[in-house]
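> Just need the whole structure built from these sequences, with the hints factored in.
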Amino acid sequence: MDFFNESHVRAAKELLYKMADDQLIIGHRNSEWTGLGPILEEDIAFSSMAQDKIGQSEHLYALLHELGESDPDTVAFTRNAHQFHCCQLVEYPIGEYDFSLMRHFFFDMAELIRFDMLRNSSYEGLANIAKKYKGEIKYHSMHANTWVQQLGKGNEESNGRLQLQLDTYWNHALGIFEPGPHENILIDAGIFEGEAALQKNWLEAVIPLLEKADLQVPDTSKWSPVYGGRTGIHTAYLQPLLDEMTEVYSIDPSADW
Amino acid sequence: MQTKLSPQHIREILKEVKDPEIPTISIVDLGIVSDIRVEDDTVFVELTPTFAGCPALKIMENLVKFRLLEEGIEHYEVRTSFDKQWNSDMISEEGLLALKKHGLAPPVRHCGNLDLTVLEHTPCPYCGSENTELRNPFGPTLCRSIHYCNNCKQAFEGFKPVD
Chain A
1 MDFFNESHVR AAKELLYKMA DDQLIIGHRN SEWTGLGPIL EEDIAFSSMA
51 QDKIGQSEHL YALLHELGES DPDTVAFTRN AHQFHCCQLV EYPIGEYDFS
101 LMRHFFFDMA ELIRFDMLRN SSYEGLANIA KKYKGEIKYH SMHANTWVQQ
151 LGKGNEESNG RLQLQLDTYW NHALGIFEPG PHENILIDAG IFEGEAALQK
201 NWLEAVIPLL EKADLQVPDT SKWSPVYGGR TGIHTAYLQP LLDEMTEVYS
251 IDPSADW
Chain B
258 MQTKLSPQHI REILKEVKDP EIPTISIVDL GIVSDIRVED DTVFVELTPT
308 FAGCPALKIM ENLVKFRLLE EGIEHYEVRT SFDKQWNSDM ISEEGLLALK
358 KHGLAPPVRH CGNLDLTVLE HTPCPYCGSE NTELRNPFGP TLCRSIHYCN
408 NCKQAFEGFK PVD
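Sequence lines, in order, name chains A and B.
For the record, in the first sequence the residue sitting at position 186 is 186 according to my numbering, with numbers rising by one throughout.
Just add 257 to the spot in the second sequence (first one is 1) and you have my numbering.
Please keep in mind that the hints were generated in silico from the structure rather than gathered at the bench.
Treat each hint with caution, since some may be false.
[Unchecked claim] Covered, in the sense of this in silico footprint (three residues per stretch, anywhere, with C-beta under 8 Å from a C-beta of chain A), are these stretches of chain B:
| no. | stretch |
| --- | --- |
| 1 | 307-313 |
| 2 | 316-328 |
| 3 | 341-349 |
| 4 | 394-400 |
[Said to hold, decoys possible] Here are the computed lysine-lysine pairs in the DSSO-like style, where the Cα-Cα straight-line distance is at most 30 Å:
| no. | chain 1 | residue 1 | chain 2 | residue 2 |
| --- | --- | --- | --- | --- |
| 5 | A | K138 | B | K315 |
| 6 | A | K134 | A | K200 |
| 7 | A | K131 | B | K272 |
| 8 | B | K357 | A | K134 |
| 9 | B | K322 | B | K272 |
| 10 | B | K410 | A | K134 |
| 11 | A | K138 | A | K153 |
| 12 | A | K131 | B | K275 |
| 13 | A | K138 | B | K322 |
| 14 | B | K358 | A | K134 |
| 15 | A | K138 | B | K357 |
| 16 | A | K212 | A | K134 |
| 17 | B | K315 | A | K134 |
| 18 | A | K13 | B | K341 |
| 19 | A | K153 | A | K222 |
| 20 | A | K200 | A | K153 |
| 21 | B | K341 | A | K131 |
| 22 | B | K410 | A | K131 |
| 23 | B | K272 | B | K358 |
For each residue, glycine too, the CB sits at the ideal point set by N, CA and C.
Encoded structure:
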């Protein structure tokens with residue numbers, strides 16, 4: 001990475017960590033629908049998306065490894081909750097399908113836009129991955145939007161359930177865009193246009209879709225983003241997830257798989 | 258005359274390596290062999306994944322290594338890279354037929370601008386009808402979707418178009 005000076009490397013690492021951790025944790029949560037989906041198709045969909053997300057996180061951890069961090073398995077399986085940089089939205093338990101669907105919509109619309117923006121990154125390794133992932137994530141966001149539209153316009157109960165989840169987790173969704181300490185460096189170096197630009201693009205994309213689904217976005221006076229995840233402040237739900245995810249690995253971390 | 262270690266020859270050899278999940282298609286026709294180079298007596302093969310989470314990636318790397326060894330090529334380096342990104346337009350014409358032979362609807366050509374609504378009327382690989390429905394954009398493997406044909410009244414799988 002010749003074109004990076006040290007501050008660029010620090011900024012790129014911070015960006016990669018939060019993206020990879022988001023994908024690993026949402027991937028694990030998606031996998032919890034395996035065998036439990038409300039219909040077989042949804043069981044398959046969430047399981048497939050879990051596989052995509054965890055695979056995507058691995059290649060982002062591999063980029064971190066190129067920048068001097070430990071290898072992907074070590075990074076994924078040996079950190080405690082306070083060392084993770086995922087947003088809090090992704091760590092909540094799957095709850096009922098209405099919550100998982102709303103979270104899936106919020107998160108995957110943000111991912112679609114983030115990777116679309118990163119296709120033009122000056123960091124070539126990341127731009128290459130972004131070009132690759134965008135085609136995959138397109139399927140995820142299509143899946144989320146299809147169900148939000150169907151259930152939003154379904155009946156009073158389905159609309160009411162989605163509206164309740166939207167109201168309850170809107171501020172957590174805004175927490176995806178928690179600014180990092182190196183935003184200006186990322187922007188100036190052309191690595192990433194920054195979280196504020198991402199949030200703006202996300203709002204422009206999701207608000208019309210939610211309105212089309214007969215769902216109301218909370219009044220801006222009630223917007224209060226839930227930050228903390230990017231700096232290691234997490235809900236009580238993350239550590240038990242990590243304990244479960246690393247249970248087999250922890251039995252013998254030196255095992256060759 | 259081709260030497261044994263020419264990239265063209267290596268490409269021919271790799272045409273015998275099949276996708277472990279779709280045994281009718283070779284990895285060359287699938288479009289995932291993104292680079293073949295020969296330097297001195299070492300063969301470099303680069304693969305590019307169809308899907309980032311594809312569990313067959315490592316298996317395919319190993320299949321390539323075995324095939325090279327079978328040909329007596331002992332100096333090789335096989336790696337997976339995102340430097341060139343796979344998309345479904347990289348599947349050869351022969352590859353599209355191979356998918357169909359496996360009972361999978363081939364992905365439509367998208368020329369870099371894929372509108373996923375095309376999935377709603379994917380032609381049935383059995384009867385060719387476009388009177389079909391998308392049942393699920395996700396299927397038994399990451400690269401497949403599930404459809405239903407209203408004409409021949411049966412479910413079928415498609416290989417997903419990806420841009």
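> Could you run down the list of hints and mark each one as holding or not?
Hints versus structure:
1. 307-313: Holds, because 5 residues of the stretch 307-313 of chain B bring their Cβ atoms closer than 8 Å to Cβ atoms of chain A.
2. 316-328: violated (count 0)
3. 341-349: holds (count 3)
4. 394-400: Satisfied; 5 residues make the cut.
5. A:K138 / B:K315: With Cα atoms ~25 Å apart, A:K138 and B:K315 stay inside 30 Å; holds.
6. A:K134 / A:K200: holds (19 Å)
7. A:K131 / B:K272: holds (27 Å)
8. B:K357 / A:K134: Roughly 26 Å between the alpha carbons, so the hint for B:K357 and A:K134 holds.
9. B:K322 / B:K272: Status holds; Cα separation ~13 Å.
10. B:K410 / A:K134: Roughly 34 Å separates the two Cα atoms, so the pair is violated.
11. A:K138 / A:K153: The given pair, whose Cα atoms are some 22 Å apart, holds under the 30 Å limit.
12. A:K131 / B:K275: holds (26 Å)
13. A:K138 / B:K322: Given that 30 Å is the threshold and the Cα spacing comes to 33 Å, the pair is violated.
14. B:K358 / A:K134: holds (29 Å)
15. A:K138 / B:K357: holds (24 Å)
16. A:K212 / A:K134: Judged against 30 Å, a Cα distance of about 24 Å means the pair holds.
17. B:K315 / A:K134: holds (22 Å)
18. A:K13 / B:K341: Status holds; Cα separation ~23 Å.
19. A:K153 / A:K222: Answer holds: A:K153 to A:K222 is near 25 Å, not above 30 Å.
20. A:K200 / A:K153: holds (26 Å)
21. B:K341 / A:K131: holds (9 Å)
22. B:K410 / A:K131: The given pair, whose Cα atoms are some 37 Å apart, is violated under the 30 Å limit.
23. B:K272 / B:K358: Holds: B:K272 and B:K358 sit about 17 Å apart, inside 30 Å.
In this structure, the earlier hints numbered 2, 10, 13 and 22 are contradicted, and the remaining ones agree with it.
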